[in-house]
Amino acid sequence: CSGLLIMFSLSSCSGQKQPVNEPKIRLKLSIFSESHFIPMEREIISNFEKANPDIKIDLSVSSYMQHHEKIQIQLAGGSGPDIWLTDGVYIMEWAERGVLEDLTELYKTSMDEKEYFGIQALRDINERLWGIPKEIETFGLFYNKSIFDGCGIKYPDDTWTWDSLKEAAKVFRKDMNRDSKKSIFGINSGGGIFIANAIYQNGGTLLDKKRRNSLLNTEIAVEAIEYVFWFNKEKCMPTVESKDSVGGDFELFRAERLVMLSGQYCYANTLKHTKPELNYSVAFPPKKAKRTCYYVPNAWVITRGRPKEILDASWKFIQFYSNSESQILLGEKGEGLPFNRKAVEHLMNTDYAKQHNLRVFADMVDQSVDFDVNGCWRQWFAAYGEAIRSAYAGVIPTEKVSEEAHKAIQKVLDAYYKNR
Numbered sequence: 366c367s368g369l370l371i372m373f374s375l376s377s378c379s380g381q382k383q384p385v386n387e388p389k390i391r392l393k394l395s396i397f398s399e400s401h402f403i404p405m406e407r408e409i410i411s412n413f414e415k416a417n418p419d420i421k422i423d424l425s426v427s428s429y430m431q432h433h434e435k436i437q438i439q440l441a442g443g444s445g446p447d448i449w450l451t452d453g454v455y456i457m458e459w460a461e462r463g464v465l466e467d468l469t470e471l472y473k474t475s476m477d478e479k480e481y482f483g484i485q486a487l488r489d490i491n492e493r494l495w496g497i498p499k500e501i502e503t504f505g506l507f508y509n510k511s512i513f514d515g516c517g518i519k520y521p522d523d524t525w526t527w528d529s530l531k532e533a534a535k536v537f538r539k540d541m542n543r544d545s546k547k548s549i550f551g552i553n554s555g556g557g558i559f560i561a562n563a564i565y566q567n568g569g570t571l572l573d574k575k576r577r578n579s580l581l582n583t584e585i586a587v588e589a590i591e592y593v594f595w596f597n598k599e600k601c602m603p604t605v606e607s608k609d610s611v612g613g614d615f616e617l618f619r620a621e622r623l624v625m626l627s628g629q630y631c632y633a634n635t636l637k638h639t640k641p642e643l644n645y646s647v648a649f650p651p652k653k654a655k656r657t658c659y660y661v662p663n664a665w666v667i668t669r670g671r672p673k674e675i676l677d678a679s680w681k682f683i684q685f686y687s688n689s690e691s692q693i694l695l696g697e698k699g700e701g702l703p704f705n706r707k708a709v710e711h712l713m714n715t716d717y718a719k720q721h722n723l724r725v726f727a728d729m730v731d732q733s734v735d736f737d738v739n740g741c742w743r744q745w746f747a748a749y750g751e752a753i754r755s756a757y758a759g760v761i762p763t764e765k766v767s768e769e770a771h772k773a774i775q776k777v778l779d780a781y782y783k784n785r
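Numbering (the numbering used here), first residue to last: 366 to 785.
Take these hints with a grain of salt, some might be off.
In silico DSS-like cross-links for lysine-lysine, where the CA-CA straight-line distance does not exceed 25 Å [unchecked claim]:
1) K783 / K772
2) K637 / K719
3) K510 / K531
4) K653 / K510
5) K393 / K698
6) K653 / K600
7) K608 / K673
8) K535 / K600
9) K535 / K608
10) K772 / K574
11) K707 / K415
12) K776 / K765
13) K655 / K535
14) K719 / K652
15) K637 / K600
16) K574 / K653
17) K421 / K673
18) K608 / K640
19) K473 / K681
20) K574 / K535
21) K640 / K510
Hints in this document: simulated from the structure, not taken from any laboratory.
Whenever a hint applies, use it, and build me the whole structure from the sequences.
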C-alpha cells in the first residue's frame with residue numbers, strides 16, 4: 366500500500382507535464398459562414414494563436430440569419446462576443462445603438478489605407494470608422510459561355526449598356542421551353558437588389574446624402590425601375606415558380622437554366638467548390654450613366670466597453686486577419702474577395718481567376734458605392750423590398766412602383782429619425 370502511495374506521489378508531483386504558455390487572454394469570436402468555408406477560418410485562427418500564444422480564440426459559428434439574430438439577443442442582454450462579424454449593411458445600426466468600438470484612430474495609426482480598399486462603406490457621414498472588412502462583395506455579370514456559343518452571340522464586354530443586356534435577353538427568351546421547370550431564362554429576377562443597382566447605374570441613389578429621405582420618386586429612379594420591369598414584362602426573367610422549384614436565381618444559373626446572372630463574388634467561390642466544370646465567365650455590369658453597383662464588406666467589429674487587454678487583443682486579431690498572408694488564404698479557400706490589395710493581386714493571377722475573368726470584381730470595388738446604409742437600413746430595405754415584391758405579384762401596378770416604394774421607405778425613415 367505504501368509503495369502505491371509513493372508511486373502515486375511521484376506521478377502527480379513530477380511525472381505529469383505542467384501547462385506551458387497558458388493563454389492569458391481568451392477572446393470570444395462569433396462569425397457566420399457556410400460549412401465548406403469553416404476549415405479556412407479555423408486555419409487562420411490557428412495561425413494567429415501560434416503567433417500569439419498568450420491569446421486563445423473561442424470561436425462560435427452560425428448561419429447568416431442565426432448569427433445576426435443571436436447577436437441581437439446577446440447585446441440586448443448585455444453579453445455577446447468580444448469581436449464579431451457583421452454584414453456591412455447593418456454596421457450603422459449597431460453604431461447608432463452605441464454597441465460598437467470606434468476604430469477610427471486604431472486604423473489611422475496602425476494600418477496603411479493604401480494597402481487596402483473597400484473601407485469607405487464602413488464609415489458614417491462624419492467619417493468615423495466602425496468596422497474593418499473581412500472580405501468584400503461586389504457585382505459582376507456572370508454568363509454561361511456554352512449557351513452564348515450555342516446561340517451565336519458575342520460574350521458581354523466592357524462596351525455593354527442597358528440596351529445590350531436587353532437585346533441579349535430577348536434572344537435567349539426565344540429558347541424558352543414550354544415546360545416552366547425546364548425553361549431557360551436570359552437574366553435573373555429583378556428584385557430590390559437589381560433595381561438598386563440600376564438606380565446607381567443611372568446616376569442616382571436610393572436615399573439623399575444625409576440618409577434621411579427617400580429618392581425613389583425621382584425621375585432617375587423611375588427610369589431605372591421601368592428598365593428592370595421591362596425584363597419581367599417581356600418574360601426574360603425567371604418566374605416565381607421557376608425560382609422556387611430550385612431555390613433561387615443562383616441555383617438556376619448553376620443548373621444552366623439561367624444564362625446571365627448579376628451576382629456577387631461569393632458565387633464564384635461557391636461554383637469553384639460545388640460545380641467547377643461549369644463553363645462560365647464574368648463581365649462588367651452593363652452601364653447607363655455610369656458603370657457602378659453597390660458593394661458591401663462583411664466587417665469585423667469590436668463590442669464597445671471591453672477591457673483594454675481584450676480591446677488590444679481584438680485589434681491584434683483584426684490586423685492579423687488583414688495581413689496579406691491571411692487574406693491570400695481567404696481568397697483561395699474562403700468566400701469573399703480579399704480587401705488587402707496585395708492579396709487580391711495574388712488571387713487574380715491564379716488560373717481559376719484568369720479562366721473566369723474574376724478581376725472584374727476587384728476592378729468594380731473602386732467604382733462602386735455603398736448601399737445607402739444608415740441606422741435603420743434593415744427596416745427601410747424590408748419596406749422597399751415588400752413594395753417591389755407586390756409589384757411583381759401584380760398587387761401594385763408597375764407605373765406606381767416608384768411612388769409606393771418611396772412612401773414605404775419614407776415612413777420608416779421619418780419614424781426612426783423623428784426624435785434623433
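Next item on the list: Compare the distance between the alpha carbons of K535 and K600 with 25 Å, and conclude whether the hinted pair is satisfied.
Entry: Judged against 25 Å, a Cα distance of about 9 Å means the pair holds.
Note to self: Tell me if the straight-line CA distance from K640 to K510 falls inside 25 Å.
What the structure shows: Holds - the C-alpha atoms of K510 and K640 are around 15 Å apart, at most 25 Å.
Next item on the list: Would you mind confirming whether the straight-line C-alpha gap from K574 to K653 stays at or under 25 Å?
Entry: holds, 21 Å
Check: Given the hint that K637 pairs with K719, does the C-alpha gap stay at or below 25 Å?
Finding: Answer holds: K637 to K719 is near 13 Å, not above 25 Å.
Notebook entry, point to check: Does the alpha-carbon distance linking K783 and K772 stay inside the 25 Å limit?
Noted result: Holds - the C-alpha atoms of K772 and K783 are around 16 Å apart, at most 25 Å.
Checklist line | Hint consistency between K637 and K600 [alpha-carbon to alpha-carbon, up to 25 Å] | finding: violated, 30 Å
Checklist line | 25 Å limit on alpha-carbon distance, applied to hinted pair K473 and K681 | finding: holds, 14 Å
Note to self: Would the hint linking K608 and K640 be met if the CA-CA limit is 25 Å?
What the structure shows: holds, 19 Å
Next item on the list: Could you grab the alpha-carbon distance between K719 and K652 and see if it respects the 25 Å cut-off?
Entry: holds, 23 Å
Notebook entry, point to check: Taking only the CA atoms, is the gap from K653 to K510 under or equal to 25 Å?
Noted result: holds, 24 Å
Check: Hey, K608 versus K673, does the alpha-carbon distance stay inside 25 Å?
Finding: Answer violated: K608 to K673 is near 50 Å, above 25 Å.
Note to self: Can you confirm whether the C-alpha distance between K772 and K574 stays at or below 25 Å?
What the structure shows: holds, 18 Å
In this structure, the hints that do not hold are numbers 7, 15, 20, in rising order.
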